[in-house]
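Participant: Using the sequences and the hints, build the whole thing.
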Amino acid sequence: MSDMDRRKFLKIAGISALLGMGSWSLFEVVTKEHLEAFVEKYKTPPEAMHAKRWAIVIDLKKLDEKIMHDCIEACNRIHNVPQISNPKEEIKWIWKETFEHAFPGMEHQYMPEEIKEMPVLVLCNHCDSPPCVRVCPTKATFKRKDGIVMMDMHRCIGCRFCMAACPFGARSFNWRDPRPFIKEENKEYPTRMRGVVEKCTLCCERLEVGLPPACVEVSNGAIMYGDLADPNSEIRKLLATRYSIRRKAELGTNPCVYYLL
Amino acid sequence: MYDGGKIVFGLIIFVLIVTLPFTLSIGKDYVKPEPKIDTPEIQKLPEAERKCVESKEFMRTEHMQLLNEWRDEAVRLGKRIYVSSSGKTYTISLQNTCMKCHSNKSEFCDKCHTFAEESPYCWDCHIAPKENTQKEAKL
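Going line by line, the protein sequences match chains S and E.
Following our numbering, the numbering of the first sequence begins with 93 at its first residue and continues without gaps.
Following our numbering, the numbering of the second sequence begins with -12 at its first residue and continues without gaps.
Think of the hints as simulated: they come from the structure by calculation, not from any bench.
Where is the CB? At the ideal position from N, CA and C, for every residue including glycine.
Treat the hints with care, since some could be wrong.
Unchecked claim - SDA-like, lysine to any residue: derived pairs with alpha carbons at most 25 Å apart:
#1 LYS144(S) - ILE68(E)
#2 LYS98(E) - TYR108(E)
#3 LYS133(S) - SER42(E)
#4 LYS92(E) - GLU205(S)
#5 LYS92(E) - LYS144(S)
#6 LYS135(S) - LYS98(E)
#7 LYS133(S) - ARG58(E)
#8 LYS279(S) - LYS(-7)(E)
#9 LYS133(S) - THR84(E)
#10 LYS340(S) - LYS135(S)
#11 LYS279(S) - LYS66(E)
#12 LYS279(S) - LEU3(E)
#13 LYS66(E) - LYS340(S)
#14 LYS75(E) - PRO138(S)
#15 LYS98(E) - SER108(S)
#16 LYS133(S) - CYS39(E)
#17 LYS135(S) - MET51(E)
#18 LYS133(S) - ASN55(E)
To be verified - Rough simulated footprint, nothing fancy, chain S against chain E, three-plus residues with beta-carbon under 8 Å:
#19 62 to 76
#20 112 to 118
Facilitator: As structure tokens, this is what we get:
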């Protein structure tokens, strides 16, 4: 012990104390829960499609009555959207609108008749800063990481703040039990109940199994979808080459449904 | 004790009311709810695969927590695959996974829920599988 002076002894003691405490805390931090979390219990399906920012591009030149009818029909059928004739109670996910109603302020007296009377398909714009999400008191509506503005029907309390906040009228309230108004139920998809708000979900349940949104599928190329954040995506190339407009972009919600003129 | 009689009388009434659920069930037979798991879909499965996503005991006591977890993971995070403790994977869906096997809601879910006076709101939105009513089954 003669070759160890006091200074050296303190150094070694200090370092070993630090190491000891360190390893103890490591032992404490890695608990059973951490080990269990390491084995993932929940996974995204391998066939799921991923994007940083999903968006929809609608080619107004290719839209016609039949395509619009098919899109609306397919969406309603797949998502069990009830057909209520009373306009005050109707439920809409995707629907027809005239140009001047879809794009207020963009129309004028002297514009070509064909554009003025051009039918437009409108749906939830899946805004980048969605006002509906800001006002929802229960986080029933939320923005997913891939940009889809989604509804969690389990949490909706039917306060309709989101309906007041949405500048596009994309949300509908179930004033009554929708089930009697569904012609044929799709057994794979739930219905809604009385007292909840619903809207287009960009078919996230289909994207998650590798299928395109229903309206895209039946639109015969008039509706396209893709990743807005990817400069090489199909829709980004379209937006770079053709003139496009968005609904009420001046409100600053940054809608992600683009219309090609 | 002031007003002793009144107090004792009041206490007796209080005890009677509090014990009412017990006294009312005296003489009534306790019928244990027996949810049925003999649906044709389950019968068709080979013996070794006739298992729920987790053990029977776990499902019996924890199915509500598991369903809530499934709901949040699937709807909010888009994680629609569940890896069970045995390592098998299942698609998360009440309507398309659970009820594919348990196609007898009235004989399975409702048996215990009715007994326990539980009325979960699952079926307000989720479509229950179509069941043969007992009349149809007899025919």
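Participant: Run every hint past the structure and note whether it holds.
Facilitator: Here is how each hint holds up against the structure:
Straight-line distance between C-alpha atoms of LYS144(S) and ILE68(E) comes to about 21 Å, which keeps the hinted pair within the 25 Å bound. Taking the CA atoms of LYS98(E) and TYR108(E), the gap is about 15 Å. The hint holds against a cut of 25 Å. Distance restraint check for LYS133(S) and SER42(E): the Cα-Cα separation of roughly 16 Å lies within the 25 Å cut-off, and the hinted pair is therefore satisfied. Of the pairs offered as hints, the one joining LYS92(E) and GLU205(S) is violated, with about 57 Å between alpha carbons and a cut-off of 25 Å exceeded.
Annotation: proposed proximity of LYS92(E) to LYS144(S) is violated, straight-line Cα distance about 40 Å (limit 25 Å). Distance hint between LYS135(S) and LYS98(E) is unfulfilled; the C-alpha atoms sit about 32 Å from each other, more than 25 Å. A distance of roughly 14 Å separates the Cα atoms of LYS133(S) and ARG58(E); the hinted pair therefore holds under the 25 Å criterion. Taking the CA atoms of LYS279(S) and LYS(-7)(E), the gap is near 63 Å; set against the 25 Å cutoff, the hint is violated.
Among the hinted pairs, LYS133(S) with THR84(E) is consistent with the structure: their alpha-carbon atoms are about 17 Å apart, no more than 25 Å. For the proposed pair LYS340(S) and LYS135(S), the alpha carbon gap of about 37 Å is over 25 Å, so the pair is violated. For the hint linking LYS279(S) to LYS66(E), the alpha-carbon distance of about 21 Å falls within 25 Å, and the restraint holds. Restraint check: the Cα-Cα separation between LYS279(S) and LEU3(E) comes to about 50 Å, which exceeds 25 Å; the hinted pair is violated.
For the given pair, LYS66(E) sits about 33 Å from LYS340(S) by alpha-carbon distance, which is inconsistent with the 25 Å threshold. Distance check on the hinted pair: LYS75(E) and PRO138(S) sit about 15 Å apart at the alpha-carbon level, within 25 Å; holds. A distance of roughly 63 Å separates the Cα atoms of LYS98(E) and SER108(S); the hinted pair therefore is violated under the 25 Å criterion. The straight-line distance between the Cα atoms of LYS133(S) and CYS39(E) is roughly 16 Å, inside the 25 Å bound, and the hint therefore holds.
Taking the CA atoms of LYS135(S) and MET51(E), the gap is about 20 Å. The hint holds against a cut of 25 Å. The suggested pairing of LYS133(S) with ASN55(E) holds, with an alpha-carbon distance near 14 Å, which does not exceed 25 Å. With a cut-off of 8 Å between beta carbons, the stretch 62 to 76 of chain E has 10 residues touching chain S; three or more are needed, and the interface restraint holds. Closer than 8 Å: that is the beta-carbon criterion, and the stretch 112 to 118 of chain E has 4 residues meeting it against chain S, so the requirement of 3 holds.
Comparing the model with each numbered hint stated earlier shows that hints 4, 5, 6, 8, 10, 12, 13, 15 do not hold.
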